[in-house]
Amino acid sequence: MSAPLNAAQREAVAVPSGALLLLAGAGTGKTHTVIARIAALLEHTPPENILAVTFTNKAAGELKARLRQTLSRRQTADRLLACTFHSLGLQIIRRDAAAVGLEKNFTIAGTGEQLALVRQAARHVNTLARLSPPDLLTRLSRLKGAALSPAEFSRQAFSESDAALAAVYRKYQERLRLRGVVDFDDLLLLAYQLLTQNAAVRDYWTTRFRQIIVDEFQDTSELQYRLVKTLAQKWGNVCVVGDDDQSIYSWRGAAPQHLLNFARDWDDAKIIFLRENYRSTNAILKVANAVIANNQQRHAKELFSSRDGGAPRLWECADPESEAKQIAGEIRDRLAAGKNVAADFAIIVRANALTTPIVQQLAAEKISFTVIGGVSFFDHKEVLDVLAFLTLAVNPADDGALRRIINTPARGIGDAAQKNLIAAAAQKNRPLTALLSAADADLSPAAAKSCRDFAAQIARWQKTVRENPRAVVEQILTDTAYQDEVEHLYDTPLTRAARMETAREVGSDLARFLDSGGDAAGYLAETALARTRREAPDKKADAGVKVITMHSAKGLEFPVVYVAGVEENILPHRRSVAEDDDDEENSGGIDEERRLFYVAITRARAELTLSYCRRRGGRGDSGKMKAQLPSRFLGEIPPTLLTTQSCLPTDAERAAIFAAMREKLAQ
1 MSAPLNAAQR EAVAVPSGAL LLLAGAGTGK THTVIARIAA LLEHTPPENI
51 LAVTFTNKAA GELKARLRQT LSRRQTADRL LACTFHSLGL QIIRRDAAAV
101 GLEKNFTIAG TGEQLALVRQ AARHVNTLAR LSPPDLLTRL SRLKGAALSP
151 AEFSRQAFSE SDAALAAVYR KYQERLRLRG VVDFDDLLLL AYQLLTQNAA
201 VRDYWTTRFR QIIVDEFQDT SELQYRLVKT LAQKWGNVCV VGDDDQSIYS
251 WRGAAPQHLL NFARDWDDAK IIFLRENYRS TNAILKVANA VIANNQQRHA
301 KELFSSRDGG APRLWECADP ESEAKQIAGE IRDRLAAGKN VAADFAIIVR
351 ANALTTPIVQ QLAAEKISFT VIGGVSFFDH KEVLDVLAFL TLAVNPADDG
401 ALRRIINTPA RGIGDAAQKN LIAAAAQKNR PLTALLSAAD ADLSPAAAKS
451 CRDFAAQIAR WQKTVRENPR AVVEQILTDT AYQDEVEHLY DTPLTRAARM
501 ETAREVGSDL ARFLDSGGDA AGYLAETALA RTRREAPDKK ADAGVKVITM
551 HSAKGLEFPV VYVAGVEENI LPHRRSVAED DDDEENSGGI DEERRLFYVA
601 ITRARAELTL SYCRRRGGRG DSGKMKAQLP SRFLGEIPPT LLTTQSCLPT
651 DAERAAIFAA MREKLAQ
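Numbering of the sequence shown is given in the working numbering, commencing with residue 1 and proceeding in unit increments.
Derived from the structure by calculation, the hints contain no laboratory data.
All C-beta atoms, glycine included, are put in the ideal place defined by N, C-alpha and C.
All clues given are correct.
Straight-line C-alpha distance at most 30 Å; calculated BS3-like pairs for lysine-lysine:
(1) 64 x 229
(2) 64 x 234
(3) 270 x 64
(4) 301 x 554
(5) 428 x 449
(6) 449 x 381
(7) 626 x 325
(8) 104 x 171
(9) 428 x 463
(10) 449 x 419
(11) 554 x 270
(12) 366 x 554
Estimated spans, in silico, between C-beta atoms of each pair:
(13) 70 x 626: 50 to 56 Å
(14) 112 x 442: 23 to 29 Å
(15) 203 x 449: 49 to 55 Å
(16) 381 x 174: 27 to 33 Å
(17) 336 x 574: 34 to 40 Å
Given these sequences and hints, build the entire structure.
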């Protein structure tokens, strides 16, 4: 049985229509409130007319699962569309693919294919020679996130470099379309173009969605915000849920101004604050409130809790090694005393580079731990290989998939043959697969025969995908003798068996997707989305101590949290400090760093420890230690809210340290 709603939550649930801004602070039960609101809407709105959008597959899945628990009929929850922005874009495009020049079986380009295509598009563009292919992709992603097509960006390009980038953008898009693929950002841009340029498409989707709920609204990009406004234009019933104090993704196009300006953009918008926190103690929340209050561009709000607890601690340490020993030693002692299990603890840092001494010390103490960001199912070589074969069965024009496995397992199409094929494809502006069967490039007779044989295999897989898609993965593994690849790469029978089992699991995963009513093209699209996202891990997935960055920690919570490395030029990061020094009127970088610190603090349920070092290794000079200042954010916390331990200086020494810090920052 779910917990009762508090007064603010009940008010949010009771709003029947119109625009609603639900400002939900960290740990204030926003998902509980959203579930209750959807249940209330379902009393007078059919489930297929409700859209709930969030940012990760995990969040969308949890929303569906909790709806099934809440609602009496499972099928009601299943008829409601709860998905990510990119999954929504995929559905919009797939329904009317021809209207944007795509076949229904289009696939999503992986990073390798994107890099190859942007490299081709930028060839001979000397103006952009200093930019690497990843840098170019980042710039193109930002243009798409700003809802700019190649033509629109070209019209507003005033510099030589912008004009060159516009030309690369146009060529890159042409190469994507030639291969029948889209990239991750296209899922939103093409969906938006369909909605705004095709009246029939717009009428279908805006008529269908009478109620729209958007979670984590502070993380929306300009393009995502425009999608929401377009979809909601007919009924005007849009509920956005978010917290401007947790907007930490500007580097991927998120703009907290969308949440801050919501009431301006929706004249009749009702604003409701959720302030009661059910996660942390009041002592932890007082620290969080004191820090975030220093951001000026925000909805002012203070979180409170009915939970009591001791004051958070601040440790000063000599260097990163002593900091790691202090943290790991305390965890070791508490585990030995039976007070906690390893999964109770999280060590949160600003960047992955700070984790090395921490994980080394945890290992030395024989404490189980997980560094967030390990290999997922869709990152295994065997899985990626099978997905590439399957992609060719669905869309043979996908050059990225072909280049990955053209000689995997080895089939006599070596490096020289591949170079000739790639050159011929570029010269004729044709997909690579089209040249396999003809094999008219400058190839040896043996390589030409291997190409024709492989083309025949791909043609058989195409037929199987159409007629019996459940059988295609096993057919691929048999036709390619993939077992030979596994035996070539791995030594032990046990490892080989495990790797082949992983490869065959793609077939099982595809079968589950087919059982849900999808097709092979849809499966490839969904797996591409899963591989491209960087989602927060499931905190229940491992029983060890979590070592995690602040960005990855968002959405998680732990009984005991250590926030390490709270030092100037680490938090806030030196780049943000430099940017704000260059533009004194715009302190957006420092503000976002402060929000990161706020997110880290509010992950703690019962205990919080902050730590900084007096010395740390200098940049590019690993053997030399340099003096460190404590973060300016620590100086924003009233001393009465923190307790000290023996590793810390006296109150007078601490006051002198922070006075010196403030004096240096003022210079």
